Every structure is written in C-alpha cells, then in structure tokens.
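Number of protein chains: 2
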Amino acid sequence: MDRREFTAALAASSLTNLFATAAHAQPAPPARPRVGMLIHSDMIMLDLTGPLTVFNIMQAGVHLIAKTMQPVMTDVGLPVAPTESFETSPRAFDVLFVPGGLKGTVAAMNDRETVDFVRSAGETARFVTSVCTGSLLLGAAGLLRGYQATSHWYVRDLLPLMGGIVRSDRVVEDRNRLTGGGVTAGIDFGLTIASRLAGEETAKRIQLLIEYDPKPPFDAGSPERAGPALTNDILRRRKEAIAQAESAAKAAGASLKI
Amino acid sequence: MDRREFTAALAASSLTNLFATAAHAQPAPPARPRVGMLIHSDMIMLDLTGPLTVFNIMQAGVHLIAKTMQPVMTDVGLPVAPTESFETSPRAFDVLFVPGGLKGTVAAMNDRETVDFVRSAGETARFVTSVCTGSLLLGAAGLLRGYQATSHWYVRDLLPLMGGIVRSDRVVEDRNRLTGGGVTAGIDFGLTIASRLAGEETAKRIQLLIEYDPKPPFDAGSPERAGPALTNDILRRRKEAIAQAESAAKAAGASLKI
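So the protein sequences, as listed, match chains F and D. Residue numbers 11 to 268, in this note's numbering, belong to the letters of the first sequence in order. Residue numbers 11 to 268, in this note's numbering, belong to the letters of the second sequence in order.
Please note: incorrect hints may appear among the correct ones.
Here's a subset of chain F near chain D, in silico, CB distances under 10 Å, partners left out [unchecked claim]: (1) T63; (2) I67; (3) G263; (4) A264; (5) I268.
No farther apart than 20 Å at their CA atoms in a straight line, the calculated lysine to aspartate or glutamate pairs in the EDC-like style are these [claimed, not checked]: (6) K267/F with D243/F; (7) K267/D with E210/D; (8) K225/F with D126/D; (9) K260/F with D121/F; (10) K225/F with E133/D; (11) K225/F with D243/D; (12) K260/F with D243/F; (13) K225/F with D229/D; (14) K267/D with E94/D; (15) K225/D with D184/D; (16) K225/D with E94/F; (17) K225/F with D184/D; (18) K77/D with E94/D; (19) K225/F with E234/D; (20) K249/D with D167/D; (21) K225/D with E97/F; (22) K225/D with E210/F.
Hints in this document: simulated from the structure, not taken from any laboratory. In this text, all values refer to a predicted model and were calculated from it rather than measured experimentally. Glycine included, each C-beta is placed from N, C-alpha and C at the ideal position.
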C-alpha cells in the first residue's frame, strides 16, 4: 500500500471512476487536484500525515510550502522538507491546508510573511482548510471572518477574536472553508475533502483502504467525554501556550479591525 | 502541542501521575518506556505516525531502526531517517513495533537479515506489536505461532500460513502480542499500548490531547461496512501485491515448519 503501488493500482481506473462518480453526484473534479500544504516548525506530524495520506491516494499534486526551503522540525522529532518556499510556491490551489501545533501556530500568527502568504493563497484557493490549531492561523489571515469554524478544543473559543463563528463539530464546513478539530480530526477532514474533490465513492474507497473504522479503546476524546478532571488538567498544563495564542489572536483581530 | 511543549507540560507531573495511576490499576510502568520501531522502505507513514505520536507524548525513548542508516522512503513521499541500524540497535525493548505497507512488508519478509532482527528483538521485548501489514512480518519471524492476531483486512487471512490465529478486531491482544488492523488502527493501537505501559488515566489524557473522538463522514471503513463492490474493487487492484504476500507467507511458513 505504498505510493507507487497505489499509483499503479489506481492508474488504470481511477480517473474513469472519478468522472463516473462526479457525473451523478458532485461537480466535476480536477483530475489531479493541486494541494498546497503549509508546513512550519513545531507542527504536529499527525496533523499533516492524516490528510496527506488521503491526498496521496487521490494522486493529488501536493506542494509542501514553508517560509524557506529549510526542513521544519515536527513534534515527534521527524523533520519535513518543503517542496516550495513562499517565494516559489504557486498561489492557485484547489486546496490550501494548514496543520496545527500550538507553539508553531502562534509563531506563524505573529509572523507577517506567513500570515501574508496564507491570506494570498487563501483568497484564490477553491477550498481553504485546516486541522487542529491551524484554523487560528487562517483566522489571523482574515480568512474566517463570518465563517463557522472549529479548532483544537482548547483554543477554539479564540476564533471569534478574529471574526470566526465557533462550532464544536469534528469537521466544520461553511461554504469553501473546511476546518477540523484537534490532531486526529485530520483523518475525518481528509475523507470529507476527498468527497468534495472527487465524490463520495472515491472517499469511501480511500476509507476502506486506510481501514478507517475507528474503535477507540477509551471514551475520552473530547472534553465532554473525558470529564472536567482530565480537561482541567490539560488546560492547566497548557495555560501559558493558550495565553500566548490568545494574545496573538487579539493582536490579529485588532489588525483586522474586528 | 509540539514535542517540547508536551515535554514541558508533562515534565512536572507526568511521572508522578504515571506511578499514581499504576499503583492502583496497572503493573508498575517503566518511567520512560524504550520503544523500538522498525522502519523500512515503502512503509505507510500514517502507520508510524499514529503510534509515534502517542509514544512521544508519553516521553518514551523511541528508536527508529532500519537495516542501514540510509533514510527510508514512505508511501507519501516523505523520507524517514533511522536512529539505529540493525547492527547498532539495542535488543531489549519494552515495545517492539512493526508498521505496514504491503510492498515493503513483503520485501522485509523475504529479507533474512530483517526477519532475523525482528525475531531476536521480538524474543526479548516486553510487548511485540504491529499495525497494518506489519503483522505479516511478525508472523514470518515466527512470533505469532499460536497467537491471535490481525492485520490489514486484505491480508489478514494469510496469518495462519505462519501459525497465527486470525481475528478481525481493530486491535487484537493475546498475551504480549498486540496487533492492529490497517493504517488508521495505529491510533487505537497506540492508545491501547499506552494504557498497558502507563495506565488508563494516561491513555485517556493522550486521547483527549489528540482529540481522538472519531466521526468518520462515511461508513465504509471495513469490508462489511463498505460492501462487496468497493471491497472487490480494491482486492482486484491489489491482486498482484496480495499474491506476492501469500507467496512470502507460504515460504516463511515452510521455513518455520508450519
């Protein structure tokens, strides 16, 4: 189930299938959607890997875009090399995607060049998307004004500071904005955007290939389910990082005149 | 929510919490479990990233082990650099983990040095584990003889060729063997092994941090749910790779005298 195998397996029939599905269910998809995925230091590798796996199976043209061509370091200690810098990156994407990682998100919100890139790419993208704290950066770029959106549960209430309307769903879709909740929501997001790009049949085939039939061994994946003790424990531990995110969101809101 | 943030956030209280949890619920966990994760070319990045994210939050000592120190290429086009080769790797792990990726798994099953490493590391590991097609490699190393296990749905029926007893659960635990289903089962597996190493409370805290409250947009994550048309479509596309896996499993079974 590696890239080349998928490519080989899908090559014969995928385009036919994409169009066959699209004809009766969805707007005609691009044959190979062009996806721009922002990457930055301190991003969560799983935020990227979930959606990237889906885009890869779709044979999307994926650009990994960073401020410079220097590899960025992720939470798990694995570096990721960009394929484009802000300077060389195309702007017209079918999907602009922003991963999370609170410290890295805050640094990006406070970085003019990064915010400018996200704004300019977001203004022309067919879909403007994020997972986890990445939506705070979309917000800082003014891309969530008047849009319903979500984020990691511990920062989603900051979105209104930048004009967003908070929802707590796992994946929130409002016109062409698709935002996912924390980290693992990237898989639910990935399948959702796959259906928008290529139809439900393709999304379901990808779901079956990656065997996404989740059965969490515990029931603690949201504050409501985990209960106040665990939730408050995490909020207490992340207090400083969340306060920094709040400052960045307020500053962004002020510069957006919200 | 990057590595350093987690480290900082957890440092003050995690060890205390681990032991506090263990005292009334689980056997005493190692303070920093030593985890050996095999990596190989054509592995599925998401197979690795799910469990690695969990181990990283636990502040486990993670070794990424390959045949040589050459970076390996993953399905999504991102290379991963090993931290150890078979030659330099320690053998005594709390957890030995093997990811999947059918083409890479088959190559590993047919490679004597890889099979020998997995066997020798598996014989001494406290937990012998895998996700996706990785269990075929455990089987080829003789580590699943008489054990219940699972694998990616499209190859799990090959396990008996190497002495395994197939189950179709998402995560199968039989004594110290823990095997997960395809790709995304790595997250369910990760939380399960976290609870075995550090107690349920720690596993639930990790689940809340990575917001694992899955809500797949479609219901097609298993052959039973996806139905025969999608299932047969994938089986037809993967026919050759599955046939190669069957040959490798038969050869391994013969050399294990099964």
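- Query: Against chain D, with CB atoms and a cut of 10 Å, does the hint on I67/F hold up?
  - Reply: holds, 9 Å
- Item | K225/D paired with E210/F [C-alpha distance capped at 20 Å] | holds, 16 Å
- Message: Check whether the Cα positions of K260/F and D243/F lie no farther apart than 20 Å.
- Response: violated, 25 Å
- Mind checking the alpha carbons of K267/F and D243/F for me, to see if they're no more than 20 Å apart? violated, 34 Å
- Query: Hey, K267/D versus E210/D, does the alpha-carbon distance stay inside 20 Å?
  - Reply: Not satisfied, since the Cα-Cα distance of roughly 40 Å exceeds 20 Å.
- Query: Are K267/D and E94/D close enough, with their CA atoms no more than 20 Å apart?
  - Reply: violated, 32 Å
- Message: Holds or violated: K225/F and D126/D, Cα atoms, limit 20 Å.
- Response: With a Cα-Cα distance of about 33 Å, the restraint between K225/F and D126/D is violated, given a limit of 20 Å.
- Message: Next pair to validate is K225/F with D243/D; report whether the Cα-Cα distance is within 20 Å.
- Response: violated, 25 Å
- Query: Holds or violated: K225/D with D184/D, Cα cutoff 20 Å?
  - Reply: violated, 28 Å
- Task: Measure nothing beyond the straight line between the CA atoms of K77/D and E94/D; if it is 20 Å or shorter, mark the hint as holding.
- Result: Given that 20 Å is the threshold and the Cα spacing comes to 8 Å, the pair holds.
- Message: Run the distance test for K225/F versus E234/D: straight-line Cα separation, threshold 20 Å.
- Response: holds, 15 Å
- Item | Agreement of K225/F and E133/D with the hint, judged by alpha carbon distance not exceeding 20 Å | violated, 29 Å
Violated hints, in rising order: 3, 4, 5, 6, 7, 8, 10, 11, 12, 14, 15, 16 and 21; the structure is consistent with all others.
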